[in-house]
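> Following the hints, position chain S against chain R.
2 protein chains.
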Amino acid sequence: MIDQSANGPANGAPPRQSATVMKCLQLKQPGSLIPTHTALPQPGPGEVLLRVTRCALCRTDAKMFAQGHRDLTLPRVLGHEICGVEVATGQRYAVWPGSSCGSCTQCRNGRENLCRQMQILGFHRNGGLAEFVAVPRTSLIPLPADLPDALACLAEPLACALNAIEQTNLRGGQKLLIYGAGPVGLLMAMAATARGAATWMSERSDSKLKRSDQFRKGLNIASHDNRSDLAFDAVINAAPAREAISAGIKRLTTAGCYCVFSGITNAAAIPVEVINEIHYRQLRMVGAYGCTSSQLQEAVTLLWNHRARVNLLIERHIGLNEVEDALRQILAGKTLKFVVKLA
Amino acid sequence: MIDQSANGPANGAPPRQSATVMKCLQLKQPGSLIPTHTALPQPGPGEVLLRVTRCALCRTDAKMFAQGHRDLTLPRVLGHEICGVEVATGQRYAVWPGSSCGSCTQCRNGRENLCRQMQILGFHRNGGLAEFVAVPRTSLIPLPADLPDALACLAEPLACALNAIEQTNLRGGQKLLIYGAGPVGLLMAMAATARGAATWMSERSDSKLKRSDQFRKGLNIASHDNRSDLAFDAVINAAPAREAISAGIKRLTTAGCYCVFSGITNAAAIPVEVINEIHYRQLRMVGAYGCTSSQLQEAVTLLWNHRARVNLLIERHIGLNEVEDALRQILAGKTLKFVVKLA
Numbered sequence: 001m002i003d004q005s006a007n008g009p010a011n012g013a014p015p016r017q018s019a020t021v022m023k024c025l026q027l028k029q030p031g032s033l034i035p036t037h038t039a040l041p042q043p044g045p046g047e048v049l050l051r052v053t054r055c056a057l058c059r060t061d062a063k064m065f066a067q068g069h070r071d072l073t074l075p076r077v078l079g080h081e082i083c084g085v086e087v088a089t090g091q092r093y094a095v096w097p098g099s100s101c102g103s104c105t106q107c108r109n110g111r112e113n114l115c116r117q118m119q120i121l122g123f124h125r126n127g128g129l130a131e132f133v134a135v136p137r138t139s140l141i142p143l144p145a146d147l148p149d150a151l152a153c154l155a156e157p158l159a160c161a162l163n164a165i166e167q168t169n170l171r172g173g174q175k176l177l178i179y180g181a182g183p184v185g186l187l188m189a190m191a192a193t194a195r196g197a198a199t200w201m202s203e204r205s206d207s208k209l210k211r212s213d214q215f216r217k218g219l220n221i222a223s224h225d226n227r228s229d230l231a232f233d234a235v236i237n238a239a240p241a242r243e244a245i246s247a248g249i250k251r252l253t254t255a256g257c258y259c260v261f262s263g264i265t266n267a268a269a270i271p272v273e274v275i276n277e278i279h280y281r282q283l284r285m286v287g288a289y290g291c292t293s294s295q296l297q298e299a300v301t302l303l304w305n306h307r308a309r310v311n312l313l314i315e316r317h318i319g320l321n322e323v324e325d326a327l328r329q330i331l332a333g334k335t336l337k338f339v340v341k342l343a
Numbered sequence: 344m345i346d347q348s349a350n351g352p353a354n355g356a357p358p359r360q361s362a363t364v365m366k367c368l369q370l371k372q373p374g375s376l377i378p379t380h381t382a383l384p385q386p387g388p389g390e391v392l393l394r395v396t397r398c399a400l401c402r403t404d405a406k407m408f409a410q411g412h413r414d415l416t417l418p419r420v421l422g423h424e425i426c427g428v429e430v431a432t433g434q435r436y437a438v439w440p441g442s443s444c445g446s447c448t449q450c451r452n453g454r455e456n457l458c459r460q461m462q463i464l465g466f467h468r469n470g471g472l473a474e475f476v477a478v479p480r481t482s483l484i485p486l487p488a489d490l491p492d493a494l495a496c497l498a499e500p501l502a503c504a505l506n507a508i509e510q511t512n513l514r515g516g517q518k519l520l521i522y523g524a525g526p527v528g529l530l531m532a533m534a535a536t537a538r539g540a541a542t543w544m545s546e547r548s549d550s551k552l553k554r555s556d557q558f559r560k561g562l563n564i565a566s567h568d569n570r571s572d573l574a575f576d577a578v579i580n581a582a583p584a585r586e587a588i589s590a591g592i593k594r595l596t597t598a599g600c601y602c603v604f605s606g607i608t609n610a611a612a613i614p615v616e617v618i619n620e621i622h623y624r625q626l627r628m629v630g631a632y633g634c635t636s637s638q639l640q641e642a643v644t645l646l647w648n649h650r651a652r653v654n655l656l657i658e659r660h661i662g663l664n665e666v667e668d669a670l671r672q673i674l675a676g677k678t679l680k681f682v683v684k685l686a
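Here the protein sequences come in this chain order: R and S.
Mind the numbering: the first sequence is residues 1 to 343 in the numbering used here, read in order.
Mind the numbering: the second sequence is residues 344 to 686 in the numbering used here, read in order.
Since the hints were made in silico from the structure, they are not lab data.
No false leads were mixed into what you were given.
For lysine to aspartate or glutamate, the following DMTMM-like pairs were computed, each having C-alpha atoms within a straight-line distance of at most 20 Å:
no.: 1; chain 1: R; residue 1: K63; chain 2: S; residue 2: E620
no.: 2; chain 1: R; residue 1: K63; chain 2: S; residue 2: E616
no.: 3; chain 1: S; residue 1: K593; chain 2: R; residue 2: D71
no.: 4; chain 1: S; residue 1: K406; chain 2: R; residue 2: E277
no.: 5; chain 1: S; residue 1: K406; chain 2: R; residue 2: E273
no.: 6; chain 1: R; residue 1: K250; chain 2: S; residue 2: D414
Keep in mind it's a predicted model, so treat the numbers as computed, not measured.
Excised from the complex, chain R in its bound form (with noise of 0.2 Å):
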């Protein structure tokens, strides 16, 4: 492997691809994640080989180390948050994970994240916990100089953040609540902001809350006190938890919207009343899951303009070897951002 920089090589220094094998995190069934050596990938007609340089751990990768997930397929290389560089460039890129058909209704419509063709890195082909991905060239999202690779791979996050705001038609001035003050929902509190909403994170644990506290005290996001009787136009769940469906339906005002970003892990069933509530009010209920490429261009900008401050979502960072450990942590909710270093 290389020895390279933080933020990746130098301009013009193409990596080599010494190795006809690499070194990946291969997920061979629920539970059972198995440092493996493998061939390269072959990119396909239209993709190109990265090297990974960071691949960051999110809580879907955690559930379907766990558990499975509706869109995996097993063995797999877990990983769709990925930085990289083109070996035959050099040129440094974030990764939009999906490749979708370009031509069906929801493609030509501009939400291609939810393309029935949908390919995407790290569910349903191999991901960026391995040295080497093979990307479709069109997934790839050139990055600012000055944006090192570790905050880079937050774009995909912070992609899918985007879309969930952008779902709810939430507009400047308006209020917003955020269950959930785990990376992703903070990562959202600060794309609301930057559109002018006046946002809110409700968090049940004080350790999340405190940990926290820095990012969204310098983004004027105050944590939401349970007993208060504001009104929000719009809430968003980025958190599992069932409660807070039912919860969040009775803070929303009058037409308000519930963006369900999280999938609700808890099987326990939703109380009817949630559903007159949308009737009596006229509330919308609206879906979020991943996010467009176009949603990707601007979170990368988006960081780029938050670089010092997303820092602060970073927990640790760490190698292969340390991710079957953090997904751990992960399940149990109470980490922030885990990066790992691949090269």
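Chain S in isolation, oriented as in the chain R frame:
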């Protein structure tokens, strides 16, 4: 009482207001609907006195009779689907049953049906199951001469159906599925067809399907075979069954919209899969409650266009003394529209 033609008094012949006492039906408490004589209502500032000619009954009236309603205060004269004649001028009107503040956020955004100060005839104030009713002048919708009173009183449910369709953002050429082929479902199907949508109806009761056969055929509205795998751009429930939520969400195309037009009476909870389906497929769930004054104006025009057809939706013309029995039949869910003849 004055003997009038089925279409109200001849133009220019104001109805006499000979009495100071009128007949009405008062709901004293759920289950107790009492025919009574009361003083004529006294119009407040900005209000006029109408002689009610026809008042139609709907499922909400039946529900208020059986178990009350969120917006009902007692004792109350029910009836919010009203056609009447202004006592002072003889002019015929359909009645928008609301009166809103005009200055809140909802009113200023054209959603006066969601005004917090809303006072609804037959809910918060006395309605149309009476010989006379006091109505804000701003709630009067003038009628074309050849739209009979018995059809004009259907403008209110049709306007509520239009409100639901508008919440879905349904466009011409798109596919709509309506659960429930009762009167309001059928009016909704008519309105959607008029907007160029391809419309299907799902109805569990064979007898209801059979009764609406002629109406549906004339509009080319198919009954939906629940085994079909058609995907719909929008689904609306015009029936209170909880099952129409889970089943309808599954039938939506990706990024499609479910409109909760009917509240859910069955208290059983909603499976969490409904929420996760909204998440994964970026579906929208929107509420619809009541209607705006401009939707009621549009409904009058639509009724006029379809006046021959809409007649098919009337189950029976009845008197005040038959209302309680009619409400019980509505609760049993097998009838079309009852229209009460007041004058």
